[in-house]
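With the hints as extra help, turn the sequences into a complete structure.
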Amino acid sequence: MEKQSQPDLEQNEQDQPTRELTNSLQQKLDYLSTLRQAISAGDDRLIYELIDGDHYHQALLNEEPNPARNTQVNLITDVHPAISHYLSTKLIDYLAHEYPFFYYEETQLGEFQIYFGNWWDRRRFGKLNALKVAFEFSQEEFNKLQKTFELAASHKRFNTDAIQRISAANDQLQALIDAQGDRDQQKDKLRQQLKENGQRNSLFDSGRIKDERQQIIDQLTKLADQDEQANNAHATMKDNEAKILTLSKEDTILAYEKQAIEKSFKSFENFNERNRSLYVDYLTTLIGKAQVDADDE
Amino acid sequence: MLMTNDAKKIDSATLSTHGKLSMFNEGLKSGLANGQKFTKLMDQLIDTNDGETLLAAAKELSDFKLDSAYVTFPHQYQNADYYLIFMSRLLGMHDDEHAILNTRAHSESLYHVFNELSDDYTFLYQVVDNDNGGAYYHEQTTGENLFYIHLERRLLRFNSTAFTNLFINKLLLKGVGVDQINTVLATLINFGHYLQDDFGFNVDFNILDVANAAKYELHEADLSGEVVDKLFVTAAKNDYMLQNSPHGHGAQIQLPGNLLIDIFDAGSAGTAKWVITVHDDDQRVSWFDVLLHFDFMRDWYLENIESLAIKADPLVFA
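Protein chains in written order, with our numbering: chain S, 47 to 343; chain U, 171 to 488.
Quick caveat, the hints were computed from the structure, so don't treat them as lab data. Some hints here could point you the wrong way.
What the hints assert, rightly or not - Once the Cα atoms are required to be at most 25 Å apart in a straight line, the calculated SDA-like pairs of lysine to any residue come out as: (1) K304(S) <-> F208(U); (2) K400(U) <-> D285(S); (3) K178(S) <-> Q118(S).
Quick caveat: nothing in here was measured; it's all calculated off a predicted structure.
See below:
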């Protein structure tokens, strides 16, 4: 207490490294207290500038990279989740307007899952990084959506081909079931032929008779295989129907996603472009708001 | 005094004859009294304008034994017929004449027909032949029991399965118009309301319940997601979106007329109980109405009936 009341005296006594140290600590204190004030004042723009000043200056002011701007940022990495949580409120308000089809769930402090849409079994589409003002889409889900946009040109959905293939397989199985009567008739005929073949007995022609016999047996085996397939067909068809349902559901979800993007952004390209400029766009609105607030005062 | 003097003169054989005659006479008297009691109840049943009197008569007649050892009546109606008369009278007292009470040629037996339906469909009561008592309102061609009624216990239970089978599978899907079906439904539903309002019956309207609070319980309490997936896909094909339920685990779909259909798990933790609810501003729409009016919802319901069938009171509809 006594020392603090005599700062001048103390400073005069310090050597160069100690002065540097106290300066450096003062800078840290300043950094932290500025951040604390920014949070108290709800100045989200300033918070963004404080947590990643280098990025802020490059992105918004077109300045050259300069790591010195981020000297202090490591001081607050441990409270990143809490800062993220804090920043998310205004950010999500903004996003709700710009991306009305995204929904967010804070799975743990400052971590935000993105849900695409409000339809049944909507997909988890990745994460929202509130500190960076960026979507981190799940690559797999994003690729499906991209493919959906590509396929739309040829009037196809993501799973059109797969559904057609499985449907065709089911048609084939149904035909196999329907043909049971024909196969039974064929088998009767072949068994009769086999019997006749067995009754024929020729010293000179035994090779040919043997060949003929083998042919009949091969045909019967083939029919028996088909019978077995037909017997299992119902289970396979049911499995296939379940697969088709899953694929149709995915197509429906992708169609909704595509519609939602087209409604808000006209095209997938615009959507991607907007995502890339999200940081700048959002910070620009924050700056604009600050301007308006200042003018009002 | 005279009797005792006379009696002294009669020998034992005559005494026994007298006893027999007297017994016979008493038997006749009580049989006739029984018949008279019956006709009095009949008067009540067919003529009274007082609800409670009507119900009391129906209740007694529904298990009245008209024949006795000494007096039998060749012309009689069945106990079940009194339920039918009661229903017609009650509807008539409320000016609903859609259920037409007919009598079969050459016999005393009654049945209902509806102008809106072909005469192939005849309705009558079947008395339950066990300790529970009560009776089912039964359609003869299809064998469907539309509702169960117990006059003594004052309860009425509608049966979703019978309504679905008769009015949707047999009538709607064979080309009978929704308006005609609705007229018949309205009469049956009104009957439930009259019982409820006039006599305080406990009525379960089941699939026909129009209250927004009605939770239609599904047969498959732990509904598989696939069934909901199917609705999602078919709804999209019909330009409706099945949405994620805002409350809890489930889905909802908005239909024209400001109808909101929810399908969700209303169970407690660990015990699933999937239900459907129908929400509309005026509380005039039941799940059954939705099935009648929205083809894709109906197709979905019927194609997945093993899972989706709405549960009726298990005590009377096993």
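Against the structure, the hints:
Under the criterion of a C-alpha separation no larger than 25 Å, the hint pairing K304(S) with F208(U) is inconsistent with the structure, at around 75 Å. For the proposed pair K400(U) and D285(S), the alpha carbon gap of about 15 Å is at most 25 Å, so the pair holds. For the given pair, K178(S) sits about 17 Å from Q118(S) by alpha-carbon distance, which is consistent with the 25 Å threshold.
Going through the hint list in order, the structure does not satisfy hint 1, though it satisfies all others.
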